[in-house]
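Trainee: Sequence:
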Amino acid sequence: MSVLVEYSIAEGKASEQIDALHTFINGLKAIGDEGYDYTAFETDDPTRFIALFEFTDEAAQKRFVDSAPFTAYREGSVGRFTNPPAVTVVKLVASTKG
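Each number in the numbering used here comes from the position in the sequence shown (counting from 1) with 17 added on.
Simulated from the structure, these hints should not be mistaken for lab results. Quick caveat: nothing in here was measured; it's all calculated off a predicted structure. Ideal placement from N, C-alpha and C gives every residue a C-beta, glycine not left out. Treat the hints with care, as some may be off.
Claimed, not checked - Pairwise CB distance ranges, derived in the manner of DEER restraints: (1) 23 / 82: 17 to 23 Å; (2) 89 / 27: 34 to 40 Å; (3) 50 / 98: 21 to 27 Å.
Stated by the list, open to error - Calculated cross-link-like contacts (lysine-lysine; reagent style DSS-like; alpha-carbon spacing at most 30 Å): (4) 108 / 79; (5) 79 / 46; (6) 30 / 79.
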């Protein structure tokens, strides 16, 4: 299962968001858990970001959502996001990724 998330942040908050994403990713890596991948992208518009969540199964998704790094990231995003993220469940069709 994969989820595409698109969101906007407040003007002037891009650096803060990028720092938060690095902290979040480092926290996930420190856990050493498997079964999920998270990739974040900044667009040409410094207020618009895209993220891709990939889960091997529902158990992995639950561990990710319940993880301390995700909880901290989500709580820390208050005030950065201009509105709730748009979430789309996507299905892999083709990839060069392993």
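Trainee: Hints numbered earlier in the text: which of these fail when held up against the supplied structure?
Mentor: The structure breaks only hint 2.
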